[in-house]
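Engineer: Working from the sequences, and respecting the hints, build out all of it.
For any residue, its number in the working numbering is found by taking its place in the sequence shown, counting from 1, and adding 110.
No lab work stands behind these hints, which were simulated from the structure alone. One should not assume that every hint holds.
Claimed, not checked - Restraint ranges, calculated between C-beta atoms of paired labels, are given here:
#, residue 1, residue 2, range
1, Ile236, Ser212, 27 to 35 angstroms
2, Glu930, Ser870, 23 to 31 angstroms
3, Thr359, Asn460, 44 to 52 angstroms
Stated by the list, open to error - Below, computed lysine-lysine pairings styled on BS3-like, alpha-carbon distance capped at 27 angstroms:
#, residue 1, residue 2
4, Lys806, Lys778
5, Lys430, Lys476
6, Lys476, Lys596
7, Lys674, Lys697
Every value quoted in this text rests on a predicted model; they were computed, and no experiment measured them. Note that beta-carbon positions come from the ideal geometry of N, C-alpha and C, so glycine has one too.
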Amino acid sequence: MMLEEAEARLKDVRMPAYYRRYQQDILKKVHENYQHALKARRRGIDAADIVEPKIAYDLADRVAKMHEIEIADRLRALLAATTKEKAALKIAEEIAAGEYGSGDLKTRLDNAVRVSLAVVTEGVTIAPLQGISDVTIKNNADGSQYLSVAFAGPIRSAGGTEAALTMLIADHVRKVAGLAKYIANSFDDETGRFVEELRIYEREVMGFQFKVLDEDVIKCISNLPVELDGVDTDPVEVVGHKSMRRITTDRVRGGALRVMNDGLIGRSRKLLKIVETLKLDGWGWLQDLKGAIQTGDDDAAQHRMSEVITGRPVLSMAKKIGGFRLRYGRCFNTGFATVGIHPAVPALLNYAIVAGTQIKMDMPGKASTIALVDTLEAPIVRLDDGRVMPVHTVEQAEKVRLKVAKILYLGDMLISYGDFLENNAQLPPASYVEEIWAQQLRSKLQTTTADVDRAKLAHLAENPLIPPSIEEAFAISKLGLPLHPKYSFYWDTISLDETLYLKDRLADEMPHDARLKDILERLGVAHSITNDRIRPENDQIIPLKKLLGGPAVEARDALEFVSKSSGVLVMTKFASTIAVRVGRPEKAAERKMKPPVHVLFPVGPKGGATRDILKACKEDSFYTEIANRYCDNCKMVSIGTHCRTCGASTMLRNLCIQCRGQVEEGEKCARCGKEGRTFSSVSYPLKAAIEQARKKLGVVPTEPFKGVKSLMSRHRSAEPLEKGILRQKHGLHAFKDGTIRFDATNEPLTHFKPKWIAVSIEKLQEMGYTRDYTGKELTSPEQIVELMMQDVIIPRDAAQHLVNTAKFIDEELAKLYELEPFYNISSVDDLAGHLVVG
Numbered sequence: 111m112m113l114e115e116a117e118a119r120l121k122d123v124r125m126p127a128y129y130r131r132y133q134q135d136i137l138k139k140v141h142e143n144y145q146h147a148l149k150a151r152r153r154g155i156d157a158a159d160i161v162e163p164k165i166a167y168d169l170a171d172r173v174a175k176m177h178e179i180e181i182a183d184r185l186r187a188l189l190a191a192t193t194k195e196k197a198a199l200k201i202a203e204e205i206a207a208g209e210y211g212s213g214d215l216k217t218r219l220d221n222a223v224r225v226s227l228a229v230v231t232e233g234v235t236i237a238p239l240q241g242i243s244d245v246t247i248k249n250n251a252d253g254s255q256y257l258s259v260a261f262a263g264p265i266r267s268a269g270g271t272e273a274a275l276t277m278l279i280a281d282h283v284r285k286v287a288g289l290a291k292y293i294a295n296s297f298d299d300e301t302g303r304f305v306e307e308l309r310i311y312e313r314e315v316m317g318f319q320f321k322v323l324d325e326d327v328i329k330c331i332s333n334l335p336v337e338l339d340g341v342d343t344d345p346v347e348v349v350g351h352k353s354m355r356r357i358t359t360d361r362v363r364g365g366a367l368r369v370m371n372d373g374l375i376g377r378s379r380k381l382l383k384i385v386e387t388l389k390l391d392g393w394g395w396l397q398d399l400k401g402a403i404q405t406g407d408d409d410a411a412q413h414r415m416s417e418v419i420t421g422r423p424v425l426s427m428a429k430k431i432g433g434f435r436l437r438y439g440r441c442f443n444t445g446f447a448t449v450g451i452h453p454a455v456p457a458l459l460n461y462a463i464v465a466g467t468q469i470k471m472d473m474p475g476k477a478s479t480i481a482l483v484d485t486l487e488a489p490i491v492r493l494d495d496g497r498v499m500p501v502h503t504v505e506q507a508e509k510v511r512l513k514v515a516k517i518l519y520l521g522d523m524l525i526s527y528g529d530f531l532e533n534n535a536q537l538p539p540a541s542y543v544e545e546i547w548a549q550q551l552r553s554k555l556q557t558t559t560a561d562v563d564r565a566k567l568a569h570l571a572e573n574p575l576i577p578p579s580i581e582e583a584f585a586i587s588k589l590g591l592p593l594h595p596k597y598s599f600y601w602d603t604i605s606l607d608e609t610l611y612l613k614d615r616l617a618d619e620m621p622h623d624a625r626l627k628d629i630l631e632r633l634g635v636a637h638s639i640t641n642d643r644i645r646p647e648n649d650q651i652i653p654l655k656k657l658l659g660g661p662a663v664e665a666r667d668a669l670e671f672v673s674k675s676s677g678v679l680v681m682t683k684f685a686s687t688i689a690v691r692v693g694r695p696e697k698a699a700e701r702k703m704k705p706p707v708h709v710l711f712p713v714g715p716k717g718g719a720t721r722d723i724l725k726a727c728k729e730d731s732f733y734t735e736i737a738n739r740y741c742d743n744c745k746m747v748s749i750g751t752h753c754r755t756c757g758a759s760t761m762l763r764n765l766c767i768q769c770r771g772q773v774e775e776g777e778k779c780a781r782c783g784k785e786g787r788t789f790s791s792v793s794y795p796l797k798a799a800i801e802q803a804r805k806k807l808g809v810v811p812t813e814p815f816k817g818v819k820s821l822m823s824r825h826r827s828a829e830p831l832e833k834g835i836l837r838q839k840h841g842l843h844a845f846k847d848g849t850i851r852f853d854a855t856n857e858p859l860t861h862f863k864p865k866w867i868a869v870s871i872e873k874l875q876e877m878g879y880t881r882d883y884t885g886k887e888l889t890s891p892e893q894i895v896e897l898m899m900q901d902v903i904i905p906r907d908a909a910q911h912l913v914n915t916a917k918f919i920d921e922e923l924a925k926l927y928e929l930e931p932f933y934n935i936s937s938v939d940d941l942a943g944h945l946v947v948g
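Structural biologist: And the structure:
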């Protein structure tokens with residue numbers, strides 16, 4: 111897309127002036143990056159003279175350019191007028207009807223299904239291109255024609271609901287095309303094949319998100335109006351349902367199984383709502399599936415907790431005292447499946463989890479990522495000397511962690527309401543926390559006529575994290591409010607008998623009684639052991655005396671007793687706990703192939719175990735499987751689109767695999783009837799190429815200079831050796847698509863303080879950060895600033911990796927492409943403001 115077109119579209123979007131400047135700056139930089147890359151590609155050194163990534167402005171653009179169909183304007187209008195799902199259905203209908211090209215029916219239906227999946231996945235996954243293997247028209251036993259959709263492994267990236275929605279839309283376009291329904295078991299026991307295949311896949315390959323019943327599988331396949339098919343994904347075969355007429359492989363089809371198990375059956379309730387919204391008929395049978403609900407939420411949660419991997423511990427169990435306490439809410443670094451814990455917890459757990467660790471949970475979804483939030487309830491520990499104390503800071507945790515005998519309470523786990531909504535999960539009871547108390551105080555101030563210090567109470571209501579004093583808390587409770595949670599303790603973890611036992615013995619100093627100490631520990635009362643006596647901390651003994659100092663009363667449990675006896679309403683502080691185990695440790699490191707390589711150049715067996723190109727070039731002759739790209743002038747093999755010797759354009763030839771004669775694309779050799787290929791095993795002047803690269807760069811490669819054993823791309827296109835030499839110089843490696851990558855966990859962030867990210871105020875102002883979140887001018891590193899929507903804050907290791915990558919690119923541009931350097935970066939501080947792809 112041209113810069114002018116993008117800026118013109120931006121004018122139609124409503125946004126603040128500072129955001130408009132921000133977006134225009136990004137567009138300008140994207141254009142500059144693209145144009146510089148295009149200049150380099152036009153030098154003809156690479157196997158393609160274009161820049162492969164296409165610039166798209168919005169969802170409509172992405173989908174249109176992904177499938178090369180002129181539907182952007184129409185899709186944009188549909189998306190503006192209706193929901194994403196309805197837009198996908200309508201555009202699929204129009205494509206199938208032939209409104210965007212005059213291809214044959216199969217091509218139109220194929221495009222319709224792929225485009226609809228691209229719309230519902232927002233054009234950001236590979237599922238529409240690689241997750242759908244084929245869309246074909248087949249015959250039932252009665253001769254009627256039906257539609258078949260074959261899925262491949264990458265359909266997993268689409269998600270269960272979106273993949274299943276593809277089948278709904280495929281059925282709709284089937285009707286538009288006038289095709290009959292798919293009739294299961296027309297030739298063979300296809301329902302039985304799916305049952306056997308599913309169980310073998312679960313047993314020998316991997317499990318699915320949902321556990322489904324055999325009868326649901328049979329009912330699902332029997333009722334599908336469109337055939338659910340797939341390519342084989344794993345080298346595991348079925349036993350009893352081989353050599354079937356309409357299922358062309360005896361191996362398991364992971365893509366098709368995933369669509370059925372985690373989509374059609376596993377999310378049948380969600381699909382029914384979509385069916386109702388889109389007004390589709392023929393899918394009412396979904397409501398009859400027993401396994402449509404995740405085989406019991408408790409069972410699913412227990413299943414996730416049971417899949418424990420060595421070295422990835424279980425940290426908390428549901429309904430167990432001491433586990434992570436559920437707290438609803440969101441901090442600026444949580445939400446979108448990222449949950450918050452107190453920053454002291456990682457140190458106390460010997461860093462089994464840190465910020466960025468993936469965890470498996472029993473609610474609200476399958477997994478989340480850890481973030482640290484210092485305003486949550488702190489963990490409580492018992493030390494070796496018997497002392498019980500909350501740990502409020504990381505420094506305090508580091509100081510005591512080697513002395514911790516037991517972690518009594520892990521503290522809060524902050525989970526946003528949106529995560530429960532997204533997962534359609536029930537909201538468990540919430541513990542009584544400071545922000546609820548502050549809301550109730552705010553409401554009480556609007557209705558009470560009591561003579562109170564309204565300014566003081568208003569201050570407490572507006573600042574829920576600043577607790578009242580003990581005396582203030584109990585005085586405020588006389589207004590009819592529950593006691594502030596700071597002074598409530600975990601009464602719901604002890605019995606009524608234990609409450610009476612504590613009441614009878616409560617004093618500033620108490621005998622070191624094992625039962626008494628256990629009660630105090632479960633209550634979360636901070637105390638120490640001195641001269642074999644239990645001494646509660648001052649801010650703990652006072653509220654305890656106030657709550658237990660009243661008369662004995664009739665009550666059903668501890669909470670009711672202390673509320674009645676003290677005349678102060680005490681709320682539950684331990685309502686729900688979250689089951690948590692470590693899933694995948696936080697990972698922030700360069701993405702490498704296994705084994706790591708410097709350049710995508712096929713070295714074959716002559717490179718040895720290390721695939722060393724320098725070792726291979728010592729051989730007298732060197733043959734490698736590479737693209738059939740030649741220079742007609744020099745009669746030499748070429749890697750790039752232009753000859754490095756004479757500068758002439760090179761041609762990629764489709765040659766017969768037997769006689770090496772020219773073969774037209776899609777045809778067979780006229781002479782010997784064999785197929786043609788765009789690659790072959792040829793003699794390549796490797797030693798000369800290495801020497802030429804060394805002279806051009808002025809850099810000497812060192813052993814091992816690693817290539818790949820063979821290429822796997824369609825045309826077997828290799829990279830210029832110079833790229834590998836420069837990667838080796840800068841300590842970098844190539845990924846399988848030729849990119850240089852850095853893996854890091856993606857977490858949400860809405861606000862930050864400049865002091866946290868080591869970027870100067872001047873640089874932030876230059877990037878558009880001129881005011882803090884309250885609108886005040888940005889002058890201090892302590893101010894809180896809203897993070898712009900396209901900006902990211904990266905780990906320092908990632909920043910250094912990007913510096914090395916920028917230096918590699920600049921040297922590559924200057925020495926290989928003979929162009930001006932682009933980045934001119936010398937340190938991490940120079941990175942701020944540059945574009946990254948993530």
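Engineer: Run every hint past the structure and note whether it holds.
Structural biologist: Outcome of the hint check:
At roughly 28 angstroms, the beta-carbon separation of Ile236 and Ser212 lies within the given 27 to 35 angstroms, and the hint holds. At about 27 angstroms, the CB distance of Glu930 to Ser870 agrees with the hint of 23 to 31 angstroms. With their beta carbons about 48 angstroms apart, Thr359 and Asn460 fall inside the hinted range of 44 to 52 angstroms. The suggested pairing of Lys806 with Lys778 is violated, with an alpha-carbon distance near 41 angstroms, which exceeds 27 angstroms.
Among the hinted pairs, Lys430 with Lys476 is consistent with the structure: their alpha-carbon atoms are about 19 angstroms apart, no more than 27 angstroms. Of the supplied pair hints, the one linking Lys476 and Lys596 is violated, its CA atoms being roughly 32 angstroms apart against a limit of 27 angstroms. Straight-line distance between C-alpha atoms of Lys674 and Lys697 comes to about 52 angstroms, which puts the hinted pair past the 27 angstroms bound.
Of the numbered hints listed earlier, those contradicted by the structure are 4, 6, 7.
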